[in-house]
Each structure stands twice: as structure tokens, then as C-alpha cells.
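Undergrad: Heads up, the sequence shown is in the working numbering, so the first residue is 201 and it goes up one at a time.
No lab work stands behind these hints: they were computed from the structure.
Backbone N, C-alpha and C define an ideal beta-carbon position, used for all residues, glycine too.
Any given hint might turn out to be false.
[Unchecked claim] Mimicking DMTMM-like on lysine to aspartate or glutamate, the simulated pairs with C-alpha atoms at most 25 Å apart in a straight line are:
#  : residue 1 : residue 2
1  : Lys362    : Asp272
2  : Lys325    : Asp279
3  : Lys278    : Asp266
4  : Lys362    : Asp329
5  : Lys355    : Glu345
6  : Lys277    : Asp329
7  : Lys277    : Asp225
8  : Lys355    : Asp329
9  : Lys277    : Asp343
10 : Lys325    : Asp225
11 : Lys259    : Asp329
12 : Lys259    : Asp279
13 : Lys362    : Asp276
14 : Lys349    : Asp272
15 : Lys362    : Asp317
16 : Lys355    : Asp279
17 : Lys277    : Glu215
18 : Lys278    : Asp301
19 : Lys259    : Asp343
[As the list claims (entries may be wrong)] Simulated DEER-style distance windows between Cβ atoms:
#  : residue 1 : residue 2 : range
20 : Lys277    : Ile316    : 51 to 57 Å
21 : Trp235    : Asp317    : 44 to 50 Å
22 : Phe268    : Gln326    : 18 to 24 Å
23 : Val240    : Gln352    : 47 to 53 Å
24 : Val239    : Asn300    : 45 to 51 Å
25 : Ala241    : Asp301    : 42 to 48 Å
26 : Ala348    : Leu305    : 25 to 31 Å
27 : Trp235    : Ala348    : 31 to 37 Å
28 : Lys277    : Val240    : 20 to 26 Å
29 : Ile245    : Pro217    : 47 to 53 Å
30 : Glu345    : Asp266    : 23 to 29 Å
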Amino acid sequence: MNQANIPSTQGPQIELPNTAYILPDSIAMWPPVWWTWLVVAFIFIGLICLITYQYFLYKRNAYRRDAFQLIDSIQDKKDDELLSHCHQIIRRCLITLGRNDLASLPSQTLFNQLDIDIPSKYQFKQLGDIFINGAYQPTLCLDPEQRAKILQLTKYWCRRHKVHA
């Protein structure tokens, strides 16, 4: 072996700085401080509460999803059946909410009561007597625009209603 490739231990001495200027070792990040576990626990409990609340809302609004499916399934029924089913869907929603007193009202009174909490653009009274008494008429003929409006208002009410006790 060549002597040039071997590092020399006898070379010039490196002068070390004063030990007072040497920084200490860095502080380890693990284990974390004691309150870190509290923060992690609160975040975990918060996530569990949020997931539980979302599940509760999902279960509570199952009747709304069922109502939407029923509304979608009655679109091609006859006119009097369409009106009758729309009334039944609204009454079922009220019964599900525990508002049997409202669900048992006559149609005119019921829809006047429901119109109180709905914006005027979506109130049932704009449909007139056709919506309220149309299911009881022997010859009922709705044009496509009226059918669409009836389904739209029923769907809107099922989505947005807030019936207070």
C-alpha cells in the first residue's frame, strides 16, 4: 500500500472551540409533553361526537329520503292518484314527526297551516283549489306544468319543512 493513501494522524492539530460555546444536544420531540395527550384525547372525542351526530341526523332524516323516493315513483301516475299520493306523503311526514294533530286536519286547514312556515314562493296556496280538492274531483286534468309544480312543491316541503310542536 502506498503511504499517501493512509490518513495521517500526525498532521496539524485542529484547535477546538471553547467548550462554553458548544450548544447542547437538541431536545427530543418524543415523548411529548403531558398535555399533548389531552389535546389528542379532546380531538378524538370531538371526532367521535361529530360522527355520532352525523349518524343521528342521517337516521332522523330517513323519512325524508323515503318521501323523495315515493315522489319520484309517482311521477307517471294519473292526475288524481298523483294528488292523493302527494297528500299522503305530506301526512306521513307529519305522522313520522309525531304531529298527528296536524296530519288529521282537513286538507284546506292543513295546507294553510303548513304555508305559515314556508316562503311565499313555495306555498301550497299558489296551486289553488286544484291541489287541495283535486283528488276528489271525478274528472281532473292537470297540464304538465301543474304536475311539475305540484311535485316540486311537495318535494320542497319534504326537504325543508320544520314543523314545531
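Undergrad: Decide, hint by hint, whether the structure agrees.
TA: Hints and how they fare:
1. Lys362 <-> Asp272: holds, 22 Å
2. Lys325 <-> Asp279: holds, 18 Å
3. Lys278 <-> Asp266: Cα-Cα ~21 Å, so holds.
4. Lys362 <-> Asp329: It holds: about 24 Å lies between the C-alpha atoms, which stays within 25 Å.
5. Lys355 <-> Glu345: holds, 15 Å
6. Lys277 <-> Asp329: Between Lys277 and Asp329 the Cα gap is close to 20 Å, so the pair holds against 25 Å.
7. Lys277 <-> Asp225: It is violated: about 80 Å lies between the C-alpha atoms, which goes past 25 Å.
8. Lys355 <-> Asp329: Holds. Lys355 to Asp329 sits at ~19 Å (cutoff 25 Å).
9. Lys277 <-> Asp343: holds, 13 Å
10. Lys325 <-> Asp225: violated, 78 Å
11. Lys259 <-> Asp329: Distance ~35 Å between Lys259 and Asp329 Cα, so the pair is violated.
12. Lys259 <-> Asp279: Distance of about 32 Å is beyond 25 Å: violated.
13. Lys362 <-> Asp276: violated, 28 Å
14. Lys349 <-> Asp272: holds, 14 Å
15. Lys362 <-> Asp317: holds, 7 Å
16. Lys355 <-> Asp279: Distance of about 17 Å is within 25 Å: holds.
17. Lys277 <-> Glu215: violated, 97 Å
18. Lys278 <-> Asp301: Given pair Lys278, Asp301 is violated - Cα atoms ~29 Å apart, limit 25 Å.
19. Lys259 <-> Asp343: Cα-Cα ~37 Å, so violated.
20. Lys277 <-> Ile316: 51 to 57 Å: Distance hint for Lys277, Ile316 is violated at roughly 29 Å.
21. Trp235 <-> Asp317: 44 to 50 Å: holds, 47 Å
22. Phe268 <-> Gln326: 18 to 24 Å: With a Cβ separation near 22 Å, Phe268 and Gln326 satisfy 18 to 24 Å, so the hint holds.
23. Val240 <-> Gln352: 47 to 53 Å: With Cβ atoms ~48 Å apart, the hint holds.
24. Val239 <-> Asn300: 45 to 51 Å: This hint holds: roughly 48 Å between Cβ atoms.
25. Ala241 <-> Asp301: 42 to 48 Å: Cβ of Ala241 to Cβ of Asp301: about 46 Å, so the range 42 to 48 Å holds.
26. Ala348 <-> Leu305: 25 to 31 Å: holds, 26 Å
27. Trp235 <-> Ala348: 31 to 37 Å: Given a distance of about 59 Å, which is not inside 31 to 37 Å, the answer is violated.
28. Lys277 <-> Val240: 20 to 26 Å: Violated, since Lys277 and Val240 (Cβ atoms, about 56 Å apart) do not stay within the stated range.
29. Ile245 <-> Pro217: 47 to 53 Å: holds, 51 Å
30. Glu345 <-> Asp266: 23 to 29 Å: Since the Cβ atoms of Glu345 and Asp266 sit about 27 Å apart, the hinted range of 23 to 29 Å holds.
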